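Asks: Two chains, each in its own frame: build the complex with the hints.
Chains as they are written, first to last, in numbering that gives the first Met the number 0: chain A, 0 to 316; chain R, 0 to 199.
There may be inaccurate statements among the hints.
What the hints assert, rightly or not - Covered stretches of chain R (chain A as the covering partner; in silico rule of three or more C-beta atoms under 8 Å from a C-beta of chain A):
(1) 20-26
(2) 82-96
(3) 121-135
(4) 155-165
Keep in mind that the hints were calculated from the coordinates and are not lab data.
Just so you know, these numbers come straight off a predicted model, no measurement behind them.
Even for Gly, the Cβ is constructed at its ideal location relative to N, Cα and C.
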Amino acid sequence: MSTIDVKVAAIEQVTTLVKHFTFVKEDGSVLPAFSGGSHVVISLSIGGRVHRNPYSLMGSPEDTSAYHISVRRQERSRGGSVYMHDNVTVGMQFKITYPVNLFSLAKKARKHILIAGGIGITPFMSQIADLERLGADYELHYAFRAPEHGAFAEKLNKTCGNRLHCYIDSVGERLDLSVLLGNQPLGTHVYVCGPNAMVVSVLEVARNFGWPENHVHIEQFLAPPIGEPFKIQLARSNKEIQVPADMSMLEAIEAAGVEADFLCRGGACGRCELQVLETDGALLHHDHFLTDAEKASCKKIMPCVSRAKCERLLLDI
Amino acid sequence: MERGYWIRSKPVYTSLVWHEKATSHLVLTQDDGGMALLKLFQLKHPKQAINVLYANNPSSKVNYAKTLEKVVPEGLQIFNTEQEVLCAFNDVLPTMFMGLRLYVAGSESFIWSVSECAKAHGIEDADIMKELTGTLARTVYCVHCKAITHDITTNIGKCCGCGRMLFVRDHFSRRLGAYMGLMVDAESPGVLPEIEEIYP
Numbered sequence: 000m001s002t003i004d005v006k007v008a009a010i011e012q013v014t015t016l017v018k019h020f021t022f023v024k025e026d027g028s029v030l031p032a033f034s035g036g037s038h039v040v041i042s043l044s045i046g047g048r049v050h051r052n053p054y055s056l057m058g059s060p061e062d063t064s065a066y067h068i069s070v071r072r073q074e075r076s077r078g079g080s081v082y083m084h085d086n087v088t089v090g091m092q093f094k095i096t097y098p099v100n101l102f103s104l105a106k107k108a109r110k111h112i113l114i115a116g117g118i119g120i121t122p123f124m125s126q127i128a129d130l131e132r133l134g135a136d137y138e139l140h141y142a143f144r145a146p147e148h149g150a151f152a153e154k155l156n157k158t159c160g161n162r163l164h165c166y167i168d169s170v171g172e173r174l175d176l177s178v179l180l181g182n183q184p185l186g187t188h189v190y191v192c193g194p195n196a197m198v199v200s201v202l203e204v205a206r207n208f209g210w211p212e213n214h215v216h217i218e219q220f221l222a223p224p225i226g227e228p229f230k231i232q233l234a235r236s237n238k239e240i241q242v243p244a245d246m247s248m249l250e251a252i253e254a255a256g257v258e259a260d261f262l263c264r265g266g267a268c269g270r271c272e273l274q275v276l277e278t279d280g281a282l283l284h285h286d287h288f289l290t291d292a293e294k295a296s297c298k299k300i301m302p303c304v305s306r307a308k309c310e311r312l313l314l315d316i
Numbered sequence: 000m001e002r003g004y005w006i007r008s009k010p011v012y013t014s015l016v017w018h019e020k021a022t023s024h025l026v027l028t029q030d031d032g033g034m035a036l037l038k039l040f041q042l043k044h045p046k047q048a049i050n051v052l053y054a055n056n057p058s059s060k061v062n063y064a065k066t067l068e069k070v071v072p073e074g075l076q077i078f079n080t081e082q083e084v085l086c087a088f089n090d091v092l093p094t095m096f097m098g099l100r101l102y103v104a105g106s107e108s109f110i111w112s113v114s115e116c117a118k119a120h121g122i123e124d125a126d127i128m129k130e131l132t133g134t135l136a137r138t139v140y141c142v143h144c145k146a147i148t149h150d151i152t153t154n155i156g157k158c159c160g161c162g163r164m165l166f167v168r169d170h171f172s173r174r175l176g177a178y179m180g181l182m183v184d185a186e187s188p189g190v191l192p193e194i195e196e197i198y199p
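Isolated chain R, as found in the complex (with noise of 0.2 Å):
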């Protein structure tokens, strides 16, 4: 790829840092989300209330919840599953008030879960960070039938949809937290690029 080539809506991931002006924090993390959690709290903690809500995988290769429970001095709330920490932050951010910093570590498709979630209380991506872990596999929107397809992890993905080769491209949306894809293959069928895993 020509250096200096960048897309523009591709997002970027930062390592979660507190924020000094704030009136309380919440982090959302999952699975290997727990080290950059862990990360976090070897930093000088701050003032305000803290709350982390974390959704534990327990077939993963490293036990987080454990160590999180010693680490955490307050407002840790572990779950089982994704969606289980995004009721819970759904139940808690209208009750919450402007000054309120939020973070999120994990996989890029539970960054952009957090960030739908955030958006319908006026909370702007931009306002969140965020901490890509553990995978860079992408969800992959088909430009040709509208699927989505998760955990793509090479350069050109089955479409779970319609069955097509896409090529996976730069181009983000935020709305629908997947990058492009389209029909690599539309001008000489059956004829691919070879086929490698960019996205481990």
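Here chain A stands alone, though its shape is the one from the complex (with noise of 0.2 Å):
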């Protein structure tokens, strides 16, 4: 997969577990354009393992001189966010991948909610930059825990003026589905970012209401569980590897020195899919992907997220 070569700019601290990074081209020239939502991978070398994370791009998309990103800390995870935090200076230099777009704005909407948890705000603050542009009618509902953790509220607050809606849980502040979805024009296009239960109660909320699945879009990137090892094989390339515990298949299959496709890393885009041509136990399926269907049929299988309790499960790679 082709890489660009950049190094980070400018780090800024937004809140106590949020941080900002911006990112240029090693030798001055401008960036590949992007559109709002899009996501770049970036490479992460931590205690001799590569870590490959994705992050949504925040900055406009009119703007190519450098690429801007936000990551929370997560301290139960597997130490991508904590590197980014405490071990990340200005002037180092990383590879990314050319951005891509999972999360692109309807272009025949005629009205779009953008509803936001926490850091999944990051996504929509390069749909904001296009949604001004285009003129569009948006409504950007921001909910986080507590104001000290209104990472870009105030920044916001002055793009977006009264078409912003934040709520604080800590002062007990709800976003009322229910009454936002209930009563919205046709032809509206509703967007969500945020922890896992959001994303569920959105499309819950959305398909009761009878709005058609084209018009919910979700951005949700996993980060690779921590499970069992386990072992795998790997038939086109005549390989048996270990699967440790904490690295995802896919981490293991390149570890091997194994190309493998791949484009979000988190289980919402299907590049990285599998063919499972063997497997003596059970595949644990936790990509967004695969249908139900196609996860009983343990036929195919998202290495980039998704794990196995087996001791033989035969890849076509």
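Replies: In structure tokens, the structure reads:
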């Protein structure tokens, strides 16, 4: 996969848990163009192991002199965000993928309802730049835990004015999805990025009100879960490899020197899908891509987030 | 035609059934679409509000309007022309909310006229349930003169704009609501394959 060489131009502590990183090209040239909602995957070398984490681009798509991402510190995770917070300094060099958009705005929508929970605000930052430029009708509903965690509320207030609605959990403010989705004009699209419970609620409320599926857009990158170690066999490369507890199947495949396709690395896009040729155990599907029927068929697996409980799992790669 | 051959733009029509999840329902039908409407009301009625716009054809063999008045419990409006149905539809759309489910039954040209109105309000054609009734007659777009000829029932039809004999393809434009037609005898003028009625 072709990558772009960038270096850290600036780091800003936005809240106690969120840091904002600015990347520029090492040779000072402009970065590739992107659309609102795009993300890049950053390669981090941590303790001799390569982590590849997806982050939404949050700058304006009109400005390609730099890419902006924000990272929330996740203590109980595999270490990518902690490394970004504690070890990354201005001037450090990284390889990132070209931007990919799995959360693009619906061009024909008459109105856009954006719903963000916590750090889920990031993909909306670039979308809002697009919506403002297009003069589109939109509302941003931004829920966060406490006033000090509303990372971008102030900045958004300047851009969005009365289109911004904040819900601060600590003072008892709640977003009522039934009210919000219950009386929107025809041609409205809803977008949600945030914690799983929020995404699930939006999907459920929209479905119950009879919103067509193609009017509901979600962005949810999962971090690969930590699990039990297991063994996999790669048919085409003729290798048997161990997947450690804190490594994803995709990372283990890459670490074994086998090139695998990927885009989001978060169970959303379906690019890394592998065919399961044989298995003697259970597949533990964690992705949002495969349908329930496909998951039950045990013929496909998303190695970026899914795991298995088995001795033998023969994959077509 | 080879088995398994399929032009992806060719629309797929189904039978109308009520959506279970909705905030309201709006059904647009025309002429023989009356039968699809009667079948729809044979099913368990949804709890939410229902509105029905029907374009009656007085010269039709079956008087669906009379039966519909008995069967449709609420929200039935009967019109004399398709155009009146489309006008009523245009008037009601701005007052509707997400969760409105749309159903349409009738000729292919009626179905895509409805879809075109809906599109102006941000409703995609995939969001509309469609049943084709009465006739398979095709609207055909001439790729040479760009004229649109209605009600072609044969594999080859004469363009109303330039008079060329057009082979009617399965390539369908949702925007125009028409199939692609291209000159069938361009290479050997006057030599035409047999003309058969295949879209009665």
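Asks: With reference to the structure, classify each hint as holding or not holding.
Replies: Verification of the supplied hints:
| no. | hint | result |
| --- | --- | --- |
| 1 | 20-26 | holds (count 3) |
| 2 | 82-96 | holds (count 4) |
| 3 | 121-135 | holds (count 5) |
| 4 | 155-165 | violated (count 0) |
In this structure, the one hint that does not hold is number 4.
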